[in-house]
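Here are the chains, one letter per residue:
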Amino acid sequence: MTEPTGASPLLDARGVKKHFGAVIALRDASLTLKKGEIVALMGANGAGKSTFVKILTGALRPDGGTIRIRGRETKARTPAEAQRAGLMPVYQEPSLIPDLDVAANLRLCNTPVEPFRHWVDQLGIKGLRLDDMIGQLPLATLRILDLARALAIEPEVLMLDEMTAALPTDLVERVLQVVRAQADAGQSVIYISHRFTEISELCDRATVLRDGATVGDLPIEEGVEERIVELMLGAALGAGRGAGTDVTSVAPEGPPRVKVRNLAAGTKLSDVSLDLHRGEVLGVVALEGQGQDELFEALAGVRRPSSGSIEIDGKAMSFHHPDDAIAAGLTFVPGDRGDALLMQRSVRENIALPLVARIGKWGAIPMKDEARRVTDAIERLQIDTRAQGEVQRLSGGNQQKVTIGRWIATGVETLLLFDPTRGIDVRTKRQIYELVRKLASEGASVLFYTSELGEVPMACDRAVVIFNGRVVDVIEAADADEPTLLRAAYGLSAEEELPA
Amino acid sequence: MTTERETAPMGTRIARFLGDYPLIPLIVLLFALIGVLEFMRPGIFNERWIGNTVKFAIPLAMLAACQTLTMLTGGIDLSAAVAATISAFVMATQVQLVGVPMAIVIGLLPAIAIGLVNGFGVAFCRVHPLIMTLGTGLIGTGCLQVYQRFVIATGSVIPDSLSWLGTGRTWGFPNALVLFVPFAILLIWGQRRTGFGRLLYALGSNETAARISGVRGWQVYLALYALSGLIAGVSGLLYVGLIKAPSLSLVNPLLLPSVAAAVIGGTSIFGGRGGYSGTIVGALILTVLGTLLTLLQMPEGARRILFGLIILAVTTIYIRLTDQR
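Going down the list, the sequences are from chains A and B.
Each step along the first sequence adds one to the number in our numbering, with nothing skipped, and position 351 is 351.
Each step along the second sequence adds one to the number in our numbering, with nothing skipped, and position 21 is 21.
Don't take each hint at face value.
[Stated by the list, open to error] In silico negatives: residues of chain B with every beta carbon more than 12 Å from chain A: (1) Ile24; (2) Gly35; (3) Gly43; (4) Gly51; (5) Gly121; (6) Leu134; (7) Ser161; (8) Trp164; (9) Leu177; (10) Lys244; (11) Asn252; (12) Thr291; (13) Leu309; (14) Ile317.
[What the hints assert, rightly or not] Covered, in the sense of this in silico footprint (three residues per stretch, anywhere, with C-beta under 8 Å from a C-beta of chain B), are these stretches of chain A: (15) 54-61; (16) 351-363.
These are calculated hints, taken from the structure and not from any lab test.
Every value quoted in this text rests on a predicted model; they were computed, and no experiment measured them.
Note that beta-carbon positions come from the ideal geometry of N, C-alpha and C, so glycine has one too.
All chains, full assembly: derive it from the sequences and hints.
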């Protein structure tokens, strides 16, 4: 399958660097790809995978390093230039224009129609008409069309980003077959996926990123999954439970406060059941896009579930608006602070917002009571208030504290924290773990999704692992070291239950 | 953790200071304009002139309250002038039939109705406020024309109480202040110290954030546009007391100045920023500017060009001075 040695690699990226302000996203990322080879690009959340991909496809410019195609250095500055150099990406989000029909979309990017039809056929999509409007086609079909479009222009390097996400099993099989056959015919592929089963079935090698650097490049063979997980974890392996934690998880007693059964929502969340008790911090562990967003949104009343049930203290609930969820005690801190904050308004107005939300609270604000609640919240969270006039002047960590402080000021029953420590400094992270533990010890329940696995043993009593929209494992805090969590998150401990 | 405030360069610090106290540059500008006026016509700056300026600025400032409140949520109310005209016209034609108090009530009802329709369209049909209020404004004008045909025989009367309020003076002060001072205090207090006021800023700043905090936006929009209609109606009644001749386009010339007054006063048309105190100064600035341009004895066309240019320049500079982004 691979070319004989001696031939220069088709794509050769060496020592690629990229920083955003003071944040270093890539230190030393490298990747080589020979003709006819399929290489998996792997890395845990925050390893720099998406930055690397954006640089390879010309969407970002590197600060250092070289990228050679057929031995010639390229300096692709735009995605279009990268495509002309022979690198064609297929992203997770379909890049077709919804308001145009298929034919118009093909014309827009000069895709030859006959090869496109051939590939659509090969990939198992029946009955597609060129005058179908893109906006009316299902997501799975759009992803196949994107792939067919990429194949039709015969790129030298095809880059597939989570190609099989959102595809039904039969289409996944078709895609894998076609990609494999293409590689055998000389096509080179960079394959980005969280699914080990597909990687071992499809790929020749795996390149592993950790902390912005390539830490390994290994051939795919029996038992390589364990090696890859070790490489992704690096020093964290074997460290086990994070130092300085005093979580003593007690077996939950009595009926749960929040009882979720067979919840499904959107295209990603298919079947999640969990119990959240008083005084408990329940971690949620999942790779990106496994349905955790939908789970939190459904619980917060932001999104309606398509099936399943949510019970609060034994009463079945149906949330039509976040206000319904808040009335039931479910308060939500979303992952994106931009969705939670009034950036131009003061810390006080941000924290006091839920206090005035109901129509009965539209009158004169009890200023003293409000000031007391806001001051309490600021003190509990140790928010730095020197720049409190406008929230946008605060640091990311302080902004995050404001979004949590809002619910402290109203009184917490059940807190839904979605990745509350993303992109904030270590000291603030510690304060947030402490706060979460403190709230739980006061009787609150916390559902805590985090993209940093190391946080689970520090903040949570138990963790549910979600993969492909389903709960695949429940892990006690005592056992929740990073390797265990990561294996579970990749669906490794429950492999036999996974499709294909 | 250091705040940016201590390390920010001078220019940013000035911008922040002005951002925190946006009234200061506006008041400076107002007095500068008065200074120019006094320089051109020495002695013009007297009690009588001040009274007149205030008298004409008040209806404008009240109509601009509609723009300020809706702009805080990222909206606008282009039907305000029509609602004001309808209130004035209906009231004036009903006085002889039902008496003054009842005529005032009947006059205000269609203005509130227009506001409710605006609120409904913005909240439930998600029509952009610009289009929604433009549409209801046109419909309102049409209805008023139909209404005029029915009441053509009645004739119109401006009640003495409204003339007193619109044009009268007591100890040199315009009587309109009796209405306007409590109105302005209520609004400035309400925008900061009531839940409703806070929600206007919240919705204009980030509707998603307001939603996940439990705010049901439709309730706020419905109440807001109805309130805007009511304020428009009241300012129409006041204005007809000043002009004393109800017509089908009575308040229309004030519409775009009312938007300009709110914008010059520092309210962002994108929402979340600003307030009524700035709008009042904005209305005064526009009124003084109007006097100034009249005194220049230019042809009407040139005056309008200059008026437009000055509004654009003031707004641009002001946004530069106070906006951090």
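Checked hints:
no.: 1; hint: Ile24; result: holds (16 Å)
no.: 2; hint: Gly35; result: holds (32 Å)
no.: 3; hint: Gly43; result: holds (43 Å)
no.: 4; hint: Gly51; result: holds (34 Å)
no.: 5; hint: Gly121; result: holds (20 Å)
no.: 6; hint: Leu134; result: holds (25 Å)
no.: 7; hint: Ser161; result: holds (30 Å)
no.: 8; hint: Trp164; result: holds (32 Å)
no.: 9; hint: Leu177; result: holds (24 Å)
no.: 10; hint: Lys244; result: holds (38 Å)
no.: 11; hint: Asn252; result: holds (32 Å)
no.: 12; hint: Thr291; result: holds (35 Å)
no.: 13; hint: Leu309; result: holds (29 Å)
no.: 14; hint: Ile317; result: holds (20 Å)
no.: 15; hint: 54-61; result: violated (count 0)
no.: 16; hint: 351-363; result: holds (count 11)
Hint violations for this structure: number 15 only, all remaining hints satisfied.
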